[in-house]
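Dock chain F against chain Y, hints included.
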Amino acid sequence: MINVKNLYKDFGKCRVIDALSCDIKDNECVVVIGPSGSGKSTFLRCLNSLEEPTYGEIWFDGKMLTPPDPYLHPDIIKASNTYKKLTSGNTDSEDAVAKIKKEDLLKRHEGREYASLLKKFDAENHLDINIARQRMGMVFQHFNLFNNLTVMDNLTLAPVKLKLKTKEQAESKAMELLERIGLPEKKDEYPSKLSGGQKQRIAIIRALCMEPEVMLFDEPTSALDPEMVGEVLDVMKSLAKTGMTMICVTHEMGFAREVADRVLFMDSGKILEEGTPEEIFQNPKSERLKSFLAKVF
Amino acid sequence: MDFFEKIASLFTNEKYMQIIWKGFTTTIYISLGAMVLGLVLGTLVALVGLSKKSKIMVIPKAICKVYVTVIRGTPMALQLFIMAYVVFAIRNFPQILTAIIAFGVNSGAYVSENIRAGILSVDIGQTEAGRALGLSNATTMLHIVIPQAIKNVIPAIGNELIALIKETSIVSMIGMFDLTNAAKIIGSGQNMASYLIPMTVVALFYLAIVYLLTLVIKIIEKRLRASDKR
Numbered sequence: 000m001i002n003v004k005n006l007y008k009d010f011g012k013c014r015v016i017d018a019l020s021c022d023i024k025d026n027e028c029v030v031v032i033g034p035s036g037s038g039k040s041t042f043l044r045c046l047n048s049l050e051e052p053t054y055g056e057i058w059f060d061g062k063m064l065t066p067p068d069p070y071l072h073p074d075i076i077k078a079s080n081t082y083k084k085l086t087s088g089n090t091d092s093e094d095a096v097a098k099i100k101k102e103d104l105l106k107r108h109e110g111r112e113y114a115s116l117l118k119k120f121d122a123e124n125h126l127d128i129n130i131a132r133q134r135m136g137m138v139f140q141h142f143n144l145f146n147n148l149t150v151m152d153n154l155t156l157a158p159v160k161l162k163l164k165t166k167e168q169a170e171s172k173a174m175e176l177l178e179r180i181g182l183p184e185k186k187d188e189y190p191s192k193l194s195g196g197q198k199q200r201i202a203i204i205r206a207l208c209m210e211p212e213v214m215l216f217d218e219p220t221s222a223l224d225p226e227m228v229g230e231v232l233d234v235m236k237s238l239a240k241t242g243m244t245m246i247c248v249t250h251e252m253g254f255a256r257e258v259a260d261r262v263l264f265m266d267s268g269k270i271l272e273e274g275t276p277e278e279i280f281q282n283p284k285s286e287r288l289k290s291f292l293a294k295v296f
Numbered sequence: 000m001d002f003f004e005k006i007a008s009l010f011t012n013e014k015y016m017q018i019i020w021k022g023f024t025t026t027i028y029i030s031l032g033a034m035v036l037g038l039v040l041g042t043l044v045a046l047v048g049l050s051k052k053s054k055i056m057v058i059p060k061a062i063c064k065v066y067v068t069v070i071r072g073t074p075m076a077l078q079l080f081i082m083a084y085v086v087f088a089i090r091n092f093p094q095i096l097t098a099i100i101a102f103g104v105n106s107g108a109y110v111s112e113n114i115r116a117g118i119l120s121v122d123i124g125q126t127e128a129g130r131a132l133g134l135s136n137a138t139t140m141l142h143i144v145i146p147q148a149i150k151n152v153i154p155a156i157g158n159e160l161i162a163l164i165k166e167t168s169i170v171s172m173i174g175m176f177d178l179t180n181a182a183k184i185i186g187s188g189q190n191m192a193s194y195l196i197p198m199t200v201v202a203l204f205y206l207a208i209v210y211l212l213t214l215v216i217k218i219i220e221k222r223l224r225a226s227d228k229r
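Chains as they are written, first to last, in numbering that gives the first Met the number 0: chain Y, 0 to 296; chain F, 0 to 229.
One chain only, chain Y, in its complex shape (with noise of 0.2 Å):
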């Protein structure tokens, strides 16, 4: 469903996504963990492009919606003047293009070879970015729901604008999912007037009406109360048991034992460990896993 292929992010001098490779398989829940500062919600972004990566592609369903990067291909790397140049017309040099990977040595311009292939490569491949974000769900820690709109209009702005529903129809299925949360009776209340627990189940059916194939949690119940953590959980596992496929960032190390398929533990922009629940929370191997954990529980 979604590759991630040797994903950099850098925030000035700071590199916060480290070399990161990771395939999210169909019908899968992937649970995030890690330090502050790991680079997790970064990750998360990244994957709609929120972030856009330094190097890396990220590929969604066959399709590729970050710009190519040239360093993952080597016709490409060798159609530069870069190349050229460092082999001094010698076709064939494994080092040379291992030399450039390593020392990041294309530049912007480098011939017209290579910006015809990096192009055609684009042409082939590309995915409109607003189109994948319509296909995957994005949950915030901080719940974002359009302050101006009341509950109804949150949820069918998407679907009504991007003319993907009816108004008719966007209402019915935003009625549906609000009694299956529970709220019927909130759907004119502003946000606004709302609990924090509240918001965050309507954002994460705001999302759900657009009907994606991906969701993305990004650390959805670091905002709320302890009393309110529950309730938002309990809708991320009936989510769970529909075979949503889902990437979760998040502490609740509860809930990631419940509910994942996968655990990635990341740490300074990689991904150290991962492996089911039990392997990560049973038989941590890396020292660093294992101080995190203990400091967790």
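A few of these clues could be false.
Here are the simulated DSSO-like cross-link-like pairs (lysine-lysine), alpha carbons at most 27 Å apart as the crow flies [to be verified]:
#1 Lys221/F / Lys186/Y
#2 Lys192/Y / Lys166/Y
#3 Lys118/Y / Lys52/F
#4 Lys51/F / Lys12/Y
#5 Lys160/Y / Lys51/F
#6 Lys221/F / Lys192/Y
#7 Lys12/Y / Lys52/F
#8 Lys52/F / Lys106/Y
#9 Lys54/F / Lys119/Y
#10 Lys118/Y / Lys51/F
#11 Lys51/F / Lys106/Y
#12 Lys118/Y / Lys54/F
#13 Lys12/Y / Lys54/F
Reference listing, derived: stretches of chain F covered by chain Y, where coverage requires no fewer than 3 residues with Cβ under 8 Å from a Cβ of chain Y [claimed, not checked]:
#14 117–126
#15 131–141
#16 144–158
Honestly, the hints are just simulated from the structure, not real lab data.
We put the CB at the ideal spot given by N, CA and C, even for glycine.
This is chain F only, laid out in the frame that chain Y set:
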């Protein structure tokens, strides 16, 4: 006659009232025209200023920056003179248009800064949530960010409009016949021979206009605050 009787007599004198009415309409026309021009111009400049950096936008962005800097950095009276005696020094060019453009262009620079601040004051999460649903940047702006920004900028824009109305009093410097000039003409007439009375009356007119505008702004603000707890 005491002071209040004199004021009342001015209101009942048809000739004086005609002069004041003529000045009043001029002031209103200039203010309304300049308000509309200023709001449109200000919104455009703010949107260009906040647009993403790209090759096509480099020049428009630079123009907007220069525009705001120059207009805010030079006196209004000077801008009015330049408009009247340089830019629109065309025979038979209606003076009222000159004034509307001069004040509109001036107001636009201030309004653009207000609107820019208003858009920036909307939480970035609102934009992100819109974009994450697959909405385009334009749709997100139009349906989510701008409605919230407007609510935030109404008080500041109101301030700017009030200042604009009062600032139009300097059009007498290019020989236009507005409210302030009407007071001057009545006061210098032989029958009145006093500036106090007409100036006071005209002050009341300005006060009334500004007060009405304040009420309108309050009503708009109240409507827009429907989605707030406050």
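Structure-based check of each hint:
Straight-line distance between C-alpha atoms of Lys221/F and Lys186/Y comes to about 22 Å, which keeps the hinted pair within the 27 Å bound. Annotation: proposed proximity of Lys192/Y to Lys166/Y holds, straight-line Cα distance about 24 Å (limit 27 Å). The straight-line distance between the Cα atoms of Lys118/Y and Lys52/F is roughly 22 Å, inside the 27 Å bound, and the hint therefore holds. Distance check on the hinted pair: Lys51/F and Lys12/Y sit about 22 Å apart at the alpha-carbon level, within 27 Å; holds.
Among the hinted pairs, Lys160/Y with Lys51/F is consistent with the structure: their alpha-carbon atoms are about 23 Å apart, no more than 27 Å. Straight-line distance between C-alpha atoms of Lys221/F and Lys192/Y comes to about 17 Å, which keeps the hinted pair within the 27 Å bound. Restraint check for Lys12/Y and Lys52/F: the C-alpha separation of about 21 Å stays at or below 27 Å, so the hint holds. Between the alpha carbons of Lys52/F and Lys106/Y the distance comes to roughly 21 Å, so the proposed pair stays at or under 27 Å and holds.
At roughly 22 Å between alpha-carbon atoms, Lys54/F and Lys119/Y fall within 27 Å of each other, so this suggested pair holds. In summary, the hint linking Lys118/Y to Lys51/F is supported, as the alpha carbons are separated by about 23 Å, within the 27 Å threshold. About 23 Å separates the Cα atoms of Lys51/F and Lys106/Y, which keeps this hinted pair within 27 Å; it holds. Pair hint Lys118/Y plus Lys54/F holds up; C-alpha atoms about 19 Å apart against a cutoff of 27 Å.
The straight-line distance between the Cα atoms of Lys12/Y and Lys54/F is roughly 25 Å, inside the 27 Å bound, and the hint therefore holds. With 3 residues carrying a beta carbon less than 8 Å from a beta carbon of chain Y, the region 117–126 of chain F meets the three-residue requirement, and the given coverage holds. For the region 131–141 of chain F, the assignment as covered by chain Y holds, since 6 residues bring a beta-carbon within under 8 Å of that chain's beta-carbons and 3 suffice. Under a criterion of three residues with beta carbons nearer than 8 Å to beta carbons of chain Y, the stated coverage of the region 144–158 of chain F is upheld, 3 such residues being counted.
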